[in-house]
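Enquirer: Sequence:
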Amino acid sequence: MTTELPDVNVLLALHVAEHPAHPAATKWFRQANNVIVTPVSEIGLIRLLLNPAVVLREITGEQALAAASHFRSLPNVRFESDGTSLTDPKVRVTQLSGKGQVTDLHLFNLAVSLGARFVTLDRKFIAPLRSVEQHHVLMLDA
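FYI, in the numbering used here the residues of the sequence shown are 853 to 994.
These are computed hints drawn from the structure, not numbers from a lab. Please read all numbers here as calculations on a predicted model, not as lab measurements. Be aware that one or more of the hints could be misleading.
To be verified - Label-pair ranges, simulated between beta-carbon atoms: (1) 915 / 939: 31 to 41 Å; (2) 869 / 967: 26 to 36 Å; (3) 875 / 976: 16 to 26 Å; (4) 854 / 905: 33 to 43 Å; (5) 882 / 921: 37 to 47 Å; (6) 993 / 935: 25 to 35 Å; (7) 885 / 993: 17 to 27 Å.
Where a beta carbon is used, it is the ideal one built from N, C-alpha and C, also for glycine.
Start from the sequences and build out the full structure, keeping to the hints where you can.
Expert: What follows is the structure, encoded as structure tokens:
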């Protein structure tokens, strides 16, 4: 059974039916047996759900927290505490060149540390990875 850790945008696509990647994320999630959420991925999801420019409607803090809590309670999802750091990485981090990569790179580092696959919609993320690291990534087609 493969363990998978979705990036924040995959989590967002699962929660927002209007998201262009909602069908791809939903298809992946229905087939996933062992999905991890972390403090970082939950915080990222909540932050995006509270942004009306992203979700195209107002969502209260209570609703955003309830969505994250509900997701964590699903039978194929488990919460994983995070004891990793990009300052002591399990993957090469020299490709880090901007603020937009920090969360994904951190979650990828955690996925590798746990022997899991990192699930993403970001095609640009995989390009700088070494081939030995690419097998730890599942790219969803949106």
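Enquirer: The structure should be examined with respect to each hint, and the outcome stated for every one.
Expert: We went through each hint and held it up to the structure:
{"no.": "1", "hint": "915 / 939: 31 to 41 Å", "result": "35 Å, holds"}
{"no.": "2", "hint": "869 / 967: 26 to 36 Å", "result": "32 Å, holds"}
{"no.": "3", "hint": "875 / 976: 16 to 26 Å", "result": "21 Å, holds"}
{"no.": "4", "hint": "854 / 905: 33 to 43 Å", "result": "34 Å, holds"}
{"no.": "5", "hint": "882 / 921: 37 to 47 Å", "result": "20 Å, violated"}
{"no.": "6", "hint": "993 / 935: 25 to 35 Å", "result": "32 Å, holds"}
{"no.": "7", "hint": "885 / 993: 17 to 27 Å", "result": "20 Å, holds"}
In the structure shown, a violation is registered for the earlier hint numbered 5 alone.
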